[in-house]
Amino acid sequence: MPSVELLTYLELVGQQLKLKLFEDRLALQKVTYLLQEAGIDLGYTFTWYVRGPYSPSLTRDAYQLVNFRVDTKQLPRPEAADAKKIQVISQLIESVEGKHPSREYWLELLGSLHFVAKYLAPGKNRKENIADFKQKKPGFKDADIKEAWKLLQDHGLIRR
Amino acid sequence: MDTSVFQRLRRISQLGLASLVYPGANHSRFAHSLGAMHVLARMLDNLAINEPRLKVSDEDRQLLRLAVLLHDLGHFPFSHVIERVMKRRSGNAGKHEVLSRFILEDKTDWSISQVLHKASTRDGVVKLLKGKYPGPALYGYLISSDLDVDRLDYLQRDSVHTGVAYGAIDAERILRTATVDNPENPSFLVAMSKGAYAIENYILARYHMYNSVYYHKVITAFELMLDRLYELLSDDHVGFLPKLEAVHRMSEEEFTAYDDGYVLSAFTRYLKEGKSDAASELIRMLYARSPVKEAYREFKVTEMKDLKFDKLREDTTDIIRDKLAQESEIDRDWIFVTECQIPIMSETDEEAIYVQSDGKPIKIADDDRSIVSKLGGFGMRGYRIFTKAELVEKLGSSIGTMRT
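So the sequence lines, in the order shown, correspond to chains A and B. Going by our numbering, the first residue of the first sequence is number 1, and it counts up by one from there. Going by our numbering, the first residue of the second sequence is number 1001, and it counts up by one from there.
This is chain A alone, in the form it adopts within the complex:
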């Protein structure tokens, strides 16, 4: 039985645990990735897959958790140190709500760009990171990539 703690953090950043649609599953993955990168240790290992950072065990846990009746209000609240990190991600997600073409497009872009910059090409500069990203994920617009980089910088997830 996976830890129900995950549900608390998802709820706090405004992400419901839903798995019916592809978009739901993608959002779950990218939001959890970003939460971990903000410093919340949920213990999932993310690897680079076709839609960016992805954790197989998160998917398995989600399918288990989705059908349990868990009253998240009864669960312990995160400590103060985590509260700030949660707020960062909550604000980041909020900034892409309603953006064109979709929230999920932006979550995939933010998560994937971050992963490339931090893990796949860590010693490179911004220009090189973006070039690497475009080679791996050619479906994103240049203007959106630049904006996503700025969002990640503004929220302290990228520091260059």
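Derived by calculation from the structure, the hints in this document are not laboratory data. Among the hints, a few may not be true.
To be verified - Cβ pair distances, simulated, as ranges:
(1) A:153 / B:1297: 31 to 39 Å
(2) A:123 / B:1185: 16 to 24 Å
(3) A:127 / B:1105: 27 to 35 Å
(4) A:131 / B:1300: 45 to 53 Å
Using N, Cα and C, we set each Cβ at its ideal position, and we do this for glycine too.
Use these hints to put chain B onto chain A, whose structure you have.
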């Protein structure tokens, strides 16, 4: 492979206590690790033939082989059984993969870490196991997906050793008909059309192996007993049955000795103390091959992502156990609750199996030519409740009350 920590895998059973039901199922994690590495090498060889534009450097090939060889290094005794105890207590930190990485990254004085460091491969192997290696998405897919090399080995191996014939797969065909989606930026394997039937058979075989072996009623019963024993008897000391934190403190020699036999020795020592508690009785039952009995089961083939079970099942297994103990007045040490879920196929783009269709890859779940496309999103979900034979009726009655 000659390092003591790797040789330890000879003494970790691949299938936990499955040999109590399938006597031939005494193969080890050692054999499986070698097998998975071999499958990876064969896969890369066949990909090079089927898609010559795909470039995997010699360095990457070697790192991938090593990562697959070592992916189970941190397995606990009796494989997933003890791991479940560790995960319940410590969350994702209790996973064997995390322990594998911990050994390679943090135990730098251990021989296995030093051998890898000397060959300048340790960093690359650790990065691959952490999912942070700067390579294409294909590498992650080969290591963990619906068509990964781990699965391609263990399905064959487990089928042969248990004798469960409907778990047999045509691995050779799958390997020979494998290609990739995009050789310049490969993200996943794609089965050529001529390999489609082998893939269908593989998908169904996996499902049958889960039902027949991995979630077999009696094997499950024994594993729950072992799980309970470890939970009851483990402590913070390295010397008896260690909790996760104690495992982390082990020396190389102590960890090398931490195998299936170590756990059984601890049980035997405990028996000699002559206590008359649940743990002693469970050990005697285990040694006598006398499993706890099923008091209730509920299984459905249904959509994996949205399932409404009865009222009892909406709670987590721990809560169910506590409520049952209260309702039935049976000691909670004698109530065993377990759930299972067996998806037919993954629904995610990342882990799905892809086949060629008019020159393009599509998920087999979306391929109208394939019978398994009608099964996409479905799987088996269920739960079982066990107890001692003499308490089955009493517990069954309480379950009935709580389900309504």
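Inset, instruction - Check the following: the C-beta atoms of residue 123 (chain A) and residue 1185 (chain B) are separated by a distance inside 16 to 24 Å. - result: 21 Å, holds
Inset, instruction - Using the beta carbons of residue 153 (chain A) and residue 1297 (chain B), state whether their distance is inside 31 to 39 Å or not. - result: Roughly 54 Å apart at Cβ, these two residues miss the hinted range, so it is violated.
Inset, instruction - Could you say whether the range 27 to 35 Å given as a hint is met by the Cβ separation of residue 127 (chain A) and residue 1105 (chain B)? - result: Taking Cβ atoms as reference, residue 127 (chain A) and residue 1105 (chain B) lie about 31 Å apart, which means the hint holds.
Inset, instruction - Could you say whether the range 45 to 53 Å given as a hint is met by the Cβ separation of residue 131 (chain A) and residue 1300 (chain B)? - result: 50 Å, holds
The structure fails to meet hint 1 from the earlier list, while all remaining hints are met.
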